[in-house]
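Protein chains: 2
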Amino acid sequence: MPDRLVISIDAMGGDHGPAVIVPAVARAAKIMPPDSVRFLLHGEGSVVEGALNTAALRTPRLAGLCEVRPSIGVIAMDAKPAHAMRRGNGTSMWNAVESVRAGEAHAAVSAGNTGALMAISRLLLRMAGGMDRPALVANWPTSRGVTSVLDVGANIICDAERLVEFAIMGAAFHRAVHKTPRPTLGLLNVGVETEKGHEDVRGADRLLREHAFDLDYRGFVEGDDIARGAVDVIVTDGFTGNVALKTAEGLARFFRTELRNALTSGAASRLGALIARRSLRQMSERLDPGSINGGPFLGLNGIVVKSHGGADARGFANAIRLAADLAHSDIAAEIERDLRKRASPEPGAAPGQPGPQDATQQRASA
Amino acid sequence: MPDRLVISIDAMGGDHGPAVIVPAVARAAKIMPPDSVRFLLHGEGSVVEGALNTAALRTPRLAGLCEVRPSIGVIAMDAKPAHAMRRGNGTSMWNAVESVRAGEAHAAVSAGNTGALMAISRLLLRMAGGMDRPALVANWPTSRGVTSVLDVGANIICDAERLVEFAIMGAAFHRAVHKTPRPTLGLLNVGVETEKGHEDVRGADRLLREHAFDLDYRGFVEGDDIARGAVDVIVTDGFTGNVALKTAEGLARFFRTELRNALTSGAASRLGALIARRSLRQMSERLDPGSINGGPFLGLNGIVVKSHGGADARGFANAIRLAADLAHSDIAAEIERDLRKRASPEPGAAPGQPGPQDATQQRASA
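Chains as they are written, first to last, in the numbering used here: chain A, 1 to 366; chain B, 1001 to 1366.
Simulated from the structure, these hints should not be mistaken for laboratory data. Fair warning: there could be bad hints in the mix.
Which bits of chain A does chain B cover? Going by a derived footprint, with three or more residues having C-beta under 8 Å, they are [as the list claims (entries may be wrong)]: (1) 214 to 227; (2) 232 to 240; (3) 326 to 335.
Each residue gets a CB set at the ideal place from its N, CA and C atoms; glycine is no exception.
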């Protein structure tokens, strides 16, 4: 655990660039203990310097915490990942990740193009433990707090072993960020009985039950268990997770619009809304799965956090804090330790499908 | 189109049985034109007669519209489908479907066990057009009206051809029930670009573009397009559809709870809530994807509509009305006509993957 964190920031990424990102850095610096963190700000020198000078008027100590690292060019929000990999060298996003690879920073944060950030992160940092692609985590508000849902879009097709990797990474993530010592874990399915669903979720269920992972695995959960907060971590393939997340974000938006309409539909309602305004606004903000900003890419040899492209300063500051929590944790060691257990069931644990059918064992011995 | 509809009712199904289902029949009879419909009520003779006598006190003409068909036994809400198929003969659910098979009724409605109803319907009615399993439709409230989403749970694994069948059936369903002459149609995916998603959705996208189906196909849509009402019909596999639907139902429930809490959290809020109560209640009811009751099983040789097990009289009456709309429509002929087009692309249309790769053509020529 480093004494003083260094966080590398893509100051040009996102819909707003330095005008929002630099104030977000100032905000993050204020909520973290003094002298606990420094920032590398990657971006067009004069633009970032300008934003920094403006922000320093309100937060004088900011200048001493930030080092501007001039870069050339910005990866467009609609650029293809392959293009970003070929042509992105030297841009603010590339350099933000490169600082982590070079050991100059403990984590990188960007609000830029998701596909490009993932491609550049894989290229520069490489995946840990023989994994293939990073998993994207959503921090989903529930009636009991926050549930971590992964993968929400990076891995479209996931076999049983991949889902088990998500379980291991999701538990380590939740412990690091939400401070739950032993997060509970569920596999998203269309029913809770063991025979429900397709072969991949059933296979992952068997592996999670039969291998002695240090996980509090509770079996299958269904879609309505997400908002209920039935478990701390919900594991699913990136296709299903992405659809579920966007469906919920769309419904939350619909809800806000309808709430506004319902409360302006007559004199009585308008008066009621005026009176109850504050609690209604707080509530509708709290419900949106998009309201908690900052999604890490898990599985890389290094910490990279993706912020929403449209995040405001408060949202981007939250993504920075999440990166700091991860950098302060032992997440990499925890993940590696549990990944190793894929290959070695505890003595006495019933083997799932021994022999060549068991992809986990096959892979570990390869 | 029959002059006088006959609708077969499983009077014992659901959480409440005849005490709710018979009043629901009375309610449905009131909102339909006089002499346009008759009902066959399947269930334990004395129990159904008793409920009918009670309901007839408020709706005297009900007795003349209903014929009680005594049956023995009820399929439990947690019975396995295989058990229901082996042992269900003679129960109220079985007999309700059998009336459709025998040509005595134009449609059947049940609030009983979903898996059992599907298994019995497949067994007695058989699938149309060489299809394998029925598709379940959700009527999803959106900011523009109602979107039909299918499949929401019956078909866990769906290849491209199956998704095309859902598109054909979903469009015919939406036209029949929601009276949209030419429903727009989208395929649920994790992005709108053609290269997004897995092979099955990409394959279905190609088939829908290249075959000259009489469909207003708009390409890929994402999860947040559901609540937005971006298209009238959204097609997906049963795994993704089930998770999306339950996620949204869970979120809608969470909204209602939070809304109640926000509005009782202080004197000002309580006063506001009191004033705005009616519009808030209407709104939170309107938003729940579970609020529009009645999900048909599409693809059978006959009309079977599943009601929520916990539906109240108003909800079950809505499922009856939906069954009547389907019975009045040409849905079966429309589906059959479009299914035939799977095999014969219009002259001039570019063939997708000609030769043995094209599952559609292969199957039609088999």
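Now for the hints, and whether the structure bears them out:
1. 214 to 227: holds (count 6)
2. 232 to 240: With 4 residues in contact (Cβ-Cβ under 8 Å with chain B), the coverage given for the segment 232 to 240 of chain A holds.
3. 326 to 335: With 0 residues close enough to chain B, the hint is violated.
The structure fails to meet hint 3 from the earlier list, while all remaining hints are met.
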